[in-house]
Amino acid sequence: MNKHSEALWGLHSMVEQIYWDSVYTSELPRIYNFFLYKVGDKAFAQDLTATTFERAWKLRSKYRQEIAGISTWLFGIARNVLKEHLRKNRLSRQRLQDITPLEEMPAKVDIEEMYQQQQKKTHLRMILLKLTEREQDLIALKYGAGLTNREIAQVTGLSESNVGSILHRTVNNIRTQLENDNGR
Amino acid sequence: MDDKFLYQLQEQPDTEYAKNLHRKLVQSQPESKRRLDKNIHNLINSKILVQVVALFVITIIAILAISPARAFVSSFITNIAGQLFEVTEDYPGDNYSDSEEIIEPQVMSLSDALEAFPYSIQLPSNIPSEYVMDEDNVRIYVGDDAGPFTNTIEFGWRSTTQNGFIRMHITDRDLTTIGEIVAPNSVEEILLDGVHPAVLIRGGWDADQKVWMDGVGIRLRWSIGNLFYELTGTDQEQLLKIAISTLK
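Here the protein sequences come in this chain order: A and B.
Mapped onto my numbering, the consecutive letters of the first sequence carry residue numbers 1 to 184.
Mapped onto my numbering, the consecutive letters of the second sequence carry residue numbers 1001 to 1248.
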């Protein structure tokens, strides 16, 4: 009996640990990219990601699978973390635009091509940072975090069709702006 | 829809960063739990077990007898329309403190209050015709003396035909993370104008009966920019119309 109790306890702890480890592995890139799309800065995105996971880990005993999927729960926390951070630091969009660093360049690549790709990315980031809060949110959740429209609807409280139409309109606007800027 | 170009900003988080964060999370597990994992076997085999069981039984009895403790253990946190709520069937306790400082608002006319308030407010344009602004009860909390209530304004409309009152509360305090304690099925998400997410809370805790009472009013809460708006009244349709008019 004693051995059984010990084995069961150990098994329970192990299963729980494996579950949260798998959540960490699968959700870390999504949360990180959500922030990266929102703020356009790696170090800042890393800080916000760390805060999100630390908070989630503290609250994890209160997470209930039957109420919300793990992604919905985590992105709810992530959005609150960002909101709090922006309010605390009164970060303006201008400042966010200022903290967009160049990426490290790997060795043995065509420097000219690399530079052009980098310019394109920076250009796209600038356009994303000028979107409205809601448009930015949906773009970051869709293309940064890779959520489906249904998952985005659950996270934001919007209807799925609303998410679809806002995204469609926003993507078209971004594409038009990119084309216009490139045509200049 | 050709949207592949939008994925180009995606990247994998730095491996070292991911490892360090994971290590930090694992280490952040409560020390007591780690110790419990380690020592459970020894504990079961020893006389201490009898004492632990006795203590456990006493704790359970205490938890069942003290409603705030019972509420805490039987609660769970849920996210509704981006706002966190702690849901429990048990009365969470009064949580009054004798030493707590009472912060009084400043009372002034609405126009003066709007000038004193540091943010521009979206006043509702659709107030039911039988309601008039209660100019004598416009309360504002600004400045350092207002403590946790800083940058909060409250005002309302009084019914001229019956004993009705609609109150509006606007604050820059982030209400998404306060984790308000509510009863099960008392909170629901609602879309204003079919688009703007809001939270509808039906009822409230009754300190005398120590239970959640459904009939004590409805609160509707939403945000515009960095401000949180909350309407309190009794007629859901009425509150929705007023709230929607702040969005236009």
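Everything labelled a hint here was simulated from the structure, so no lab data went into it.
Virtual Cβ for every residue (Gly too), placed ideally from N, Cα, C.
Mixed in with the good hints, there may be bad ones.
[Said to hold, decoys possible] Simulated restraints on C-beta separations: (1) A:K58 with B:P1128: 41 to 51 angstroms; (2) A:E84 with B:P1128: 47 to 57 angstroms; (3) B:D1136 with A:G69: 41 to 51 angstroms.
[Unchecked claim] Covered stretches of chain A (chain B as the covering partner; in silico rule of three or more C-beta atoms under 8 angstroms from a C-beta of chain B): (4) 17–31; (5) 56–63.
Hints, one by one, checked against the model:
no.	hint	result
1	A:K58 with B:P1128: 41 to 51 angstroms	holds, 45 angstroms
2	A:E84 with B:P1128: 47 to 57 angstroms	violated, 36 angstroms
3	B:D1136 with A:G69: 41 to 51 angstroms	holds, 49 angstroms
4	17–31	holds (count 4)
5	56–63	holds (count 5)
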